[in-house]
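Visitor: Heads up, the sequence shown is in my numbering, so the first residue is 19 and it goes up one at a time.
Since the hints were derived computationally from the structure, they do not count as laboratory data.
There's no promise every hint is true.
As the list claims (entries may be wrong) - The calculated SDA-like cross-link candidates involving lysine to any residue, where the alpha carbons are at most 25 Å apart (straight line), are:
1) Lys-196 / Phe-267
2) Lys-220 / Asn-124
3) Lys-72 / Ser-129
4) Lys-72 / Asn-58
5) Lys-72 / Pro-117
6) Lys-220 / Asn-169
7) Lys-220 / Asn-276
8) Lys-72 / Ser-99
9) Lys-196 / Ile-104
10) Lys-196 / Ser-186
11) Lys-72 / Ser-55
12) Lys-196 / Asn-109
13) Lys-220 / Ser-180
14) Lys-196 / Ser-129
15) Lys-220 / Ser-129
16) Lys-196 / Ser-93
17) Lys-220 / Glu-198
18) Lys-72 / Ile-44
19) Lys-72 / Asn-95
20) Lys-220 / Asp-247
21) Lys-196 / Asp-247
22) Lys-72 / Asn-98
23) Lys-72 / Tyr-90
24) Lys-72 / Glu-118
25) Lys-196 / Val-223
26) Lys-72 / Leu-110
27) Lys-220 / Gly-168
28) Lys-72 / Ser-131
29) Lys-196 / Gln-134
30) Lys-196 / Ser-162
31) Lys-220 / Gln-249
32) Lys-196 / Asn-217
33) Lys-220 / Asp-251
34) Lys-220 / Leu-270
35) Lys-72 / Ile-141
36) Lys-220 / Ile-263
37) Lys-220 / Pro-164
38) Lys-72 / Phe-100
39) Lys-196 / Thr-147
40) Lys-72 / Gly-113
Values in this document were obtained by computation on a predicted structure and should not be read as measured data.
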Amino acid sequence: MEKNILSFLSPLLLLLFLNINLAYAIIPQIEREALISFYNATNGDNWNDNSGWKEPPLQDGFAMHGTENSWYGISLNVENSFVTEINYYDNLLTGIIPPELGNLSNLQELSFSSNQLMGSIPIEIGNLTNLTWFDLYSNQLTGSIPPEIGNLSNLQGLSFSSNQLTGSIPIEIGNLSKLEILWLDYNQLTGSIPPEIGNLSKLQVLWLDDNQLTGPVPEEMINLISLIDNQSDFCGNSLFTDRSIVRNFLNLKQIGGNWEGCQIFSCIADLEGNDNDVDGADISILANNPSLIDLGIFAAEFGTINCMQ
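Make a model of the complete structure from these sequences and hints.
Guide: Written out as structure tokens, the structure is:
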């Protein structure tokens, strides 16, 4: 009788074991749906490589649930229970970044560099609080950097270089206390550098070059104690300072030195021998914004200004 009971229970135990392991090895349905939304939004059928995504047998037009680890560009954790990485370098992605990616709450790396994505960066990206690397280099993205980017408290590397992003650098970027690399170069960002950037004490490399940034560089920049010498870039903007401590600090960090000499308007004011009430800050503001005043009249009244574009 005991033998018969064990014979009856064995198939049930085996089935239970298989079901437990099967459930353990499948990502949540919401994550699978997020991946499918990403595929559809970026014209996955025309990618350079989309292997595995539609390998038969199919379920809702895609490979069976549980096969996501074999989909090109997708990596899961060891137990295959959630998505950890999405990497698509130069894979002919077009279309937009779908908001559904914000449902991948365990995502650690997200890279779409060197593709042809358009549209804006969805605010739902702010839900990816486990993200450590976020790379959108060389696409055709527009709109502003969403302030929700400040929610990514584990981020170590951020690259939005070579897009068409506009608006100002959000102050929330100063919340990224673990950030080591920040590349925002070759966009159309405007406004001034927010003082909050000075909170990024672990930042090693900062590229802000070739935007439309203006105004005085905040003195808080000298708090970037981890910036590596000769590795950052501030050129191609209209930035200035009247603070020697800021000037010297940025010269040390600027690739090739002399960050002021590579601004869009490099101006030299010679006030020697002129009796006036204009201080260095006023001169810098006017010299770096020639549209504010007729420089010829200014020079005749206050001294000599030489500007080169």
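Visitor: It remains to establish, for every hint, whether it holds in the given structure.
Guide: Evaluation of the provided hints:
no.	hint	verdict
1	Lys-196 / Phe-267	holds, 22 Å
2	Lys-220 / Asn-124	holds, 23 Å
3	Lys-72 / Ser-129	holds, 22 Å
4	Lys-72 / Asn-58	holds, 12 Å
5	Lys-72 / Pro-117	holds, 22 Å
6	Lys-220 / Asn-169	holds, 17 Å
7	Lys-220 / Asn-276	holds, 23 Å
8	Lys-72 / Ser-99	holds, 20 Å
9	Lys-196 / Ile-104	holds, 21 Å
10	Lys-196 / Ser-186	holds, 22 Å
11	Lys-72 / Ser-55	holds, 14 Å
12	Lys-196 / Asn-109	violated, 29 Å
13	Lys-220 / Ser-180	holds, 24 Å
14	Lys-196 / Ser-129	holds, 18 Å
15	Lys-220 / Ser-129	holds, 22 Å
16	Lys-196 / Ser-93	holds, 23 Å
17	Lys-220 / Glu-198	holds, 5 Å
18	Lys-72 / Ile-44	holds, 17 Å
19	Lys-72 / Asn-95	holds, 21 Å
20	Lys-220 / Asp-247	holds, 14 Å
21	Lys-196 / Asp-247	holds, 19 Å
22	Lys-72 / Asn-98	holds, 19 Å
23	Lys-72 / Tyr-90	holds, 11 Å
24	Lys-72 / Glu-118	holds, 20 Å
25	Lys-196 / Val-223	holds, 13 Å
26	Lys-72 / Leu-110	holds, 18 Å
27	Lys-220 / Gly-168	holds, 15 Å
28	Lys-72 / Ser-131	holds, 23 Å
29	Lys-196 / Gln-134	violated, 29 Å
30	Lys-196 / Ser-162	holds, 22 Å
31	Lys-220 / Gln-249	holds, 14 Å
32	Lys-196 / Asn-217	holds, 10 Å
33	Lys-220 / Asp-251	holds, 17 Å
34	Lys-220 / Leu-270	holds, 17 Å
35	Lys-72 / Ile-141	violated, 29 Å
36	Lys-220 / Ile-263	holds, 20 Å
37	Lys-220 / Pro-164	holds, 22 Å
38	Lys-72 / Phe-100	holds, 19 Å
39	Lys-196 / Thr-147	holds, 12 Å
40	Lys-72 / Gly-113	holds, 20 Å
Hints 12, 29 and 35 from the earlier list are contradicted by this structure; the remaining hints agree with it.
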